[in-house]
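Q: For reference, the chains in residue letters:
There are 2 protein chains.
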Amino acid sequence: MKEAKISPSVVRRLPIYLRHVQDLLDAGIDTVSSKEMGAKLDLNPAQIRKDLAYFGEFGRKGVGYEVEYLARKLEQILHLDQQIRVALVGVGHLGMALSNYTRFQNERITIAGLYDQDPKKMNMQVGKLRVKPLLKIEEDAKTIGFQIGIIAVPAFSAQEVCDVMIRCGIRVILNFAPSSLKVPANIHVRSTDMTTELQSLAYYISE
Amino acid sequence: MKEAKISPSVVRRLPIYLRHVQDLLDAGIDTVSSKEMGAKLDLNPAQIRKDLAYFGEFGRKGVGYEVEYLARKLEQILHLDQQIRVALVGVGHLGMALSNYTRFQNERITIAGLYDQDPKKMNMQVGKLRVKPLLKIEEDAKTIGFQIGIIAVPAFSAQEVCDVMIRCGIRVILNFAPSSLKVPANIHVRSTDMTTELQSLAYYISE
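Residue numbers (our numbering), protein chains in the order written: chain A, 5 to 211; chain B, 5 to 211.
Same shape as in the complex, but just chain A:
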């Protein structure tokens, strides 16, 4: 099932809903209203109902959402009911931070390959993995089957890494390099650039 075009901002709220209902599930809570969710997540209940309605009729008037069903459904929608293997290229500080994050946070999304072009980093141990040369990624892709690629290299080599990832069959890319990437229409890239992030926050500084 692939739904009609859902806006990226809706998609970005789904993991937040998922985390919340997982917490409720852990706490033994069976049902939750959009109002309760809204209060907890600091979101408009109408927004929550609208977001979730994209994916089917989850809630019941006066009862709310069945927590377990909603959790399972959100996992499905986000493909988190399967194992997701990530290839990470660029094992600098950012790459290291990302490896630590995902290693501890979520067992469904695993970094399954670490690559770098710096000879000094070859064979460096990070968690259960060893850093390999970028050239190895194509070979690994065949056996491991990466679904997501993370680009954590400097801007000047980001496009090259991106092209290699696409050749490996990776169609979803998270780009941390401060450069925009040229990709075919069937590839989904999300660029998150710390500078842009900080600059947009500067808007909220009061004069």
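Hints in this document: simulated from the structure, not taken from any laboratory. Model, not experiment: these values are computed from the prediction. Don't take each hint at face value.
One copy or two, it doesn't matter: identical chains are merged, so the pair holds either way.
[Stated by the list, open to error] Computed cross-link-like contacts, DSS-like style, restricted to lysine-lysine with a CA-CA straight-line distance of at most 30 angstroms: (1) K54 x K186; (2) K140 x K44; (3) K9 x K44; (4) K125 x K146; (5) K9 x K54.
Given chain A's structure and the hints, the job is docking chain B onto it.
A: Quick look at chain B alone, frame taken from chain A:
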């Protein structure tokens, strides 16, 4: 001038517009149409016109936007016509990555204080700064005047760091810890959590 309530997604596009017009300026280009910008930035021209119209009448029909004026105006709106000083708490891999990023990318936004609670990191040199104990931040805030705080500590100490920042007069916070923070209504927090980011990207994996 503070404008009517602008949605966060509009604000987050402003630095992208700014970077683009700065590039045009460097290339000696005087005017640009929303259509040209749209093609370059992969955005709908109508969206660009709408976004910019929030802040005044920039464009002229048939001529487009004056690049220099638009650049200067966007800098003003984002407060990037002034020096912005950032306090960064948490000098692990992520903190190090952030220090490197902003040090090289943008002279207007400077990390002006680095703090950590780990005794092993005290006095560690990062660029021009030395890591100080978190306790020092309140004293420094008085002399340096931080406008933005970045939280790059583990989840369990994020709220504590956040509270300290608010006591220092910091009202804009970028939170990388995977935990939601409780703050008064006049504080602007943006949380970017790598796990949520990856989970929402998993939506785009095709079955």
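Q: For each hint, tell me whether it holds in the structure or not.
A: How the hints compare with the structure:
{"no.": "1", "hint": "K54 x K186", "in the structure": "between (33 angstroms within a copy, 25 angstroms between copies)"}
{"no.": "2", "hint": "K140 x K44", "in the structure": "neither (45 angstroms within a copy, 33 angstroms between copies)"}
{"no.": "3", "hint": "K9 x K44", "in the structure": "both (28 angstroms within a copy, 23 angstroms between copies)"}
{"no.": "4", "hint": "K125 x K146", "in the structure": "within (23 angstroms within a copy, 41 angstroms between copies)"}
{"no.": "5", "hint": "K9 x K54", "in the structure": "both (14 angstroms within a copy, 22 angstroms between copies)"}
Comparing the model with each numbered hint stated earlier shows that hint 2 is the single one that does not hold.
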